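Enquirer: Work out the full structure: start from the sequences and follow the hints.
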Amino acid sequence: MKRFALAGNPNSGKTTLFNSLTGSTAHVGNWPGVTVEKKDGVYKKLNEKVSIIDLPGIYSLSPYTSEEVVARNYIIDENPDCVINIVDATNLERNLYLTTQLLEINVPMVVALNMIDVLNKEGTTIDIKALEDELGVPVVAVSALRDDNLDELMVKAYEASQTPREGKTIIKNKEILHLIGDITRAFKGSKVNNPLFHAIKLIENDELEVRNHENLVDMVTEFKKTFHDEIFGDDFEAIIADARYQYITEHFHSVKKVSKEKEEEAQNVKNNRSDKIDKVLTHKVFGLLLFAVILFTIFHLTFSENLLFLGGLFKNITPSFAGTPWEGLVWSEKGINSPGVLLFNAFDMTFGWIKDDVVAGWMSGAPAWLSSFVCEGALAGLFAILGFLPQILVLFLFFAIMEDTGYMARVAFIFDRMFRNFGLSGRAFIPMIMGFGCSVPAMVNTRTLADDRERTATIRVIPFFSCGAKLPILVAIAGGIAEAFGFRSVDLITYSMYVIGIITAIICVLLMRHTSQKGGTAPFIMELPEYRLPQFRSLMVLLWDKAKHFIKKAFTVILASTIVIWFLTNFGWNWRMVEEMDQSILASIGQLIRPLFTPLGFGSQLTTIGWVFAVAAITGLIAKENVIATFITLGAIAVAYLNKDPSFVEALEADADGIEASVAMIQATGITWQGCISFIAFNMLTIPCFAACATAKAELPKGQFKWTILFWVVASYIGCAIIYAILNLFPSNIGGAAYKPGQLAWAIPVSVAIVVVAVLTPFAIKWYNAIRAKLSKKGQ
Amino acid sequence: MLKRLDEFKIGETGLIKKVEGEGRLRRRLLDMGVTPNATIYLRKKAPFGDPLEITIRGYELTLRKTEAQLIVLEVEDEAK
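Line by line, the protein sequences are chains Y and A. The first sequence lines up with residues 0 to 779 when you count with numbering that gives the first Met the number 0. The second sequence lines up with residues 0 to 79 when you count with numbering that gives the first Met the number 0.
A few of these clues could be false.
Below, a sample of chain Y positions facing chain A; criterion: calculated Cβ distance under 7 Å [what the hints assert, rightly or not]:
1) Gly-56
2) Arg-93
3) Ala-240
4) Asp-241
5) Ala-242
6) Lys-255
7) Lys-256
8) Glu-260
9) Phe-285
10) Leu-289
11) Asp-415
12) Phe-418
13) Asn-420
14) Phe-523
15) Met-525
Using 25 Å as the maximum straight-line C-alpha spacing, the simulated SDA-like pairs for lysine to any residue come out as follows [unchecked claim]:
16) Y/Lys-701 to Y/Ser-515
17) Y/Lys-261 to A/Ala-37
18) Y/Lys-256 to A/Gly-57
19) A/Lys-64 to Y/Leu-509
20) A/Lys-16 to A/Pro-46
21) Y/Lys-269 to A/Lys-43
Read the hints as simulated data drawn from the structure, not as lab findings. Since we're looking at a predicted model, the values are computed, not measured. C-beta: ideal position from N, C-alpha, C; glycine also.
Expert: Next comes the structure, spelled out in structure tokens:
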């Protein structure tokens, strides 16, 4: 099958063109080794099927971001049969800059002139024939949005792909051409593909070329000594960039037929419109306020169980659908559900029905271990993860709209100054905010960051922005603290947990940017695209892609991991299924690692069943809602320990938000309120759920994943030890629970020691680096 | 009058004379069309005074003051 690659500037309509050409056949995959998404699909309307490859949007073929390297390597090394260069007609100058570079590669090429309809409306026409003659490759005017002329484009591309094309350059300076010729011949001699392209890049001092062709660098340097340009001296980078732009301005102004008045008028209208929008959106006060409102609305529509705060109205009204399944779906005591929660409930109910009624029915005759394996092991874990799909998609939809309209770029513009203090660019703000919803889409979003180190640091702190699934832990344990210790404001605990997460994120970013992920802030040079309306089709294709990706992951990595945890919770060391969870392998692991948590306040200082906290934290690795689910499952153990009436167990299971279960756990284990808060913090800061880990692995640069896991473990451990140590300065008996100083006496010095180490580590690293640098200088 | 872009006031226009800096940063500026003889119009500044938004070659580009400082321009007459 022939392969046609789509190349063009970001925002030139490339994705729209790709979607129009391939319809639903698009397939999303990852490039080997590089973490940039590659998409391919099939175009079927020609005599033979053609594979279309969507390359990342790029401004040039120089290796500035990982995306540009991907696009460049694909075109040079993978030898596509044709390159379709999509050019935004409303911004001909900058778009053709890439075209002049693509022309230098030995590959058949067609130019798709997009958005010409917009230009025509503004009173400008483009002489396609003249453009074609000038470039020497076919040019087709298309509208990717309205599917205009796409078939003609593909026919031309197919024709072009039949004959090989020799690369040619637009550089006219005789002396430089002479040098290009010499190097091209040298490349040809050593059988390098695309000699012309490599030769020009080498003259431009391109990083990759200089590294790959050291033998030729001397030749270029020799020549450069003899060359002198009046304006630029021997600055070849600027000479060639300037030559390209000069060529474009000289030749393509004649191609454009402009009625000068109309063009100016159109430009003014455009400027006025975007100025008006900008005046509000990037205003000193309103801009920031409006962003807060937009963000709040997005989260409200995705996660709220009290839509538009109408809950109060329903206090004394029983809706007519009370008692039917509709009740749980759209309405709860708190109020009306937001679309996100509604979808979540719909999924949850469907899955519950499949699991408890359909599959459990099939399993009625099966042995206990099998039905437990299918229902509790495989399905429960799988459904728990899939249940999040709707909310993730809703969140993604909102953020995609913000991206499509051009608002996201303005957000980065507004917040860049603030974020620079932390060593990040304004762009990093968006994934962090998304983290409050779900880490998975947030981590994917970090692709827009140009610098690998900045990206690594951002991905690592995303889980600290407490996600939707961590909220149940907060609600249940904060509620438990309130009840067991007589602490009144539950909200205060909840909010301070969010604040702790944010503070930890800031500290960790600062530390990383000064140590392991060191580097100056990456330059912030970004196009601010024109405001436009989002396109329904693009949004739907995007959501479908995300959904496919997520489902694939749920059925592979996540399914396997849930099965492992199921096995550990249900089997003992004798490889037999256990009656109670406390005899399981997991419980014994919990017992074993429990002393480790002593400095954090939920280890050895607790009663004999104190291992439940360790176990709950481990089950939280699958999905954070498992933490409270584990509390509820293990409720029976706590009830037995407290010598309470066994009927109390049922009450625990009926209490869905887990507050009663955590009260029972608190009383049975004798944990202090400080320990409880440290436990919440631990779950928030430690290794995130499997879904997030799998995403992190895919998105992080190669080799960084294992360090990231270690980072999460260390950060949560040290962070919680600090929190616990600080909280212990306050009395333990706020309410009725007895204060047992003896048990804590030895935990505090340990915590203090850890705090001291934590504070000193960054300095130690700095000193170490400084000393090493000094030594290596001496050695020279 | 020669002036660096970070010293520009909102609404000022200038012709690029020189692009300083080195490595990837400079490469990026050149690739985005910030080359000598191009015209830059300073549209606005972000709420915290930085980064800047400029119009160049018919589109909007944002860059920080640290990057803008590398660009030397000949200020155009305001009367024009």
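Enquirer: Double-check Y/Asp-241 for me: the hint is only fine if its C-beta lies closer than 7 Å to a C-beta in chain A.
Expert: This hint holds: Y/Asp-241 lies near chain A, its Cβ roughly 5 Å from the closest one there, short of 7 Å.
Enquirer: Holds or violated: Y/Ala-240 as interface residue toward chain A, Cβ cutoff 7 Å?
Expert: holds (4 Å)
Enquirer: Should the hint that Y/Asn-420 touches chain A count as held when the rule is a Cβ pair under 7 Å?
Expert: violated (10 Å)
Enquirer: Please check whether Y/Ala-242 passes as an interface residue: C-beta within 7 Å of a C-beta belonging to chain A.
Expert: violated (9 Å)
Enquirer: Would you check the hint for A/Lys-64 and Y/Leu-509, treating anything up to 25 Å between C-alpha atoms as holding?
Expert: Given that 25 Å is the threshold and the Cα spacing comes to 22 Å, the pair holds.
Enquirer: So if I understand the rule, the pair passes when the alpha-carbon distance is 25 Å or less; does Y/Lys-269 with A/Lys-43 pass?
Expert: Given that 25 Å is the threshold and the Cα spacing comes to 16 Å, the pair holds.
Enquirer: So, as I understand it, the hint says Y/Gly-56 touches chain A; can you test that by seeing if any CB pair is closer than 7 Å?
Expert: Violated, because the Cβ-Cβ distance from Y/Gly-56 to chain A comes to roughly 13 Å (cut-off 7 Å).
Enquirer: Once the shortest beta carbon distance from Y/Met-525 to chain A is found, is it less than 7 Å?
Expert: Holds. Min distance 5 Å.
Enquirer: Mind checking the CB of Y/Phe-285 against every CB in chain A and telling me if the closest is under 7 Å?
Expert: Since chain A brings no Cβ nearer than about 10 Å to Y/Phe-285, farther than 7 Å, the hint is violated.
Enquirer: Using 7 Å as the Cβ threshold, decide whether Y/Asp-415 counts as touching chain A.
Expert: Because about 5 Å separates Y/Asp-415 from the closest Cβ in chain A, which is inside the 7 Å limit, the hint holds.
Enquirer: Holds or violated: are the alpha carbons of A/Lys-16 and A/Pro-46 at most 25 Å from each other?
Expert: Violated: A/Lys-16 and A/Pro-46 sit about 28 Å apart, past 25 Å.
Enquirer: If you take the shortest Cβ to Cβ gap from Y/Arg-93 to chain A, is it below 7 Å?
Expert: holds (5 Å)
Comparing the model with each numbered hint stated earlier shows that hints 1, 5, 6, 7, 8, 9, 10, 12, 13, 20 do not hold.
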